[in-house]
Amino acid sequence: MNLHTPLFFILVVIVAACTPVKPWQKEHLASPHMAFEANTTEGKYRRHLYESREGSRGGYGVGGGGCGCN
Amino acid sequence: MCPFITRALFLAATLFPVASKALEPGENVIDFSLKTLDGTIVSLSTCRGKVTYIDFWASWCPPCKLSIPWMNELVRQFDKEKFCLITVNVDSDKSTVTKFLQHIPPLFTVVLDPTGKVAEEYDLHSMPASFLVNRDGVVLERHKGFSQEESKEREKIIRKAIEAQ
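As given, the protein sequences belong to chains Z and V, one line each in that order. Sequential numbering of the first sequence, starting at 26, is according to the working numbering. Sequential numbering of the second sequence, starting at 3, is according to the working numbering.
Just so you know, the hints here were simulated from the structure itself, not pulled from any lab data.
Derived lysine-lysine pairs resembling PhoX-like cross-links, with alpha carbons at most 20 Å apart:
#1 LYS82/V to LYS158/V
#2 LYS67/V to LYS101/V
#3 LYS119/V to LYS47/Z
#4 LYS67/V to LYS96/V
#5 LYS146/V to LYS47/Z
#6 LYS101/V to LYS37/V
Cβ-Cβ distance ranges computed for the label pairs, FRET-style:
#7 ASN136/V to GLY80/Z: 47 to 55 Å
#8 ASN136/V to ILE39/Z: 45 to 53 Å
#9 CYS43/Z to LYS101/V: 30 to 38 Å
#10 GLU75/V to ARG71/Z: 36 to 44 Å
#11 SER81/Z to LEU11/V: 39 to 47 Å
#12 LEU54/Z to GLY28/V: 27 to 35 Å
#13 LYS119/V to SER81/Z: 38 to 46 Å
#14 ILE39/Z to LYS84/V: 48 to 56 Å
Everything numeric in this text was worked out from a predicted model, so none of it was measured. Backbone N, C-alpha and C define an ideal beta-carbon position, used for all residues, glycine too.
Hey, can you work out the whole structure from these sequences and the hints?
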């Protein structure tokens, strides 16, 4: 039995289901529960230490308060 | 055609979504009718004949929160006979909006678009997003985001639109 055709259509369905989140749909992304780190205060101190040590900053998180706003 | 090429083309087609038509400067604004918090239906067409500032915002959007006092200032600054400010909130839950606005009472009209239907029609590229429309209903400017640094410049643009013949 040729499995290529059904596998191909499964792949098409999966790929077609991938759609970008529109800016006005990012309500849940902005939730504190969606933050990458559990403890934001600790995260700030760690980032400060890292930035001081490395002499550079950035490359983490999402801008605009977690929702990517602005 | 080779089945492999046919499938590859078909797959490629699903990777590129059809681009939606964004509302750009020079185009006519899209009218809408939405409910306010107290259930009154308000249409954008009520602003016809005035320079109109349309702002899309949400309570979960930090820059949007910063823009509300600025928009209150715009309402105080400009003559209501010549300037209309209407904001469209896209929160999915009305109670969140009510609670939020208790902290920063707006001096402008707030209408609700919980399903994002109007946001989709305007094809927003950011949150917040705003549109400046002239008296004839033509979009003069579409703006992404909000920052205090840009606010003075934007006030000048609005003033210029109001004073234009």
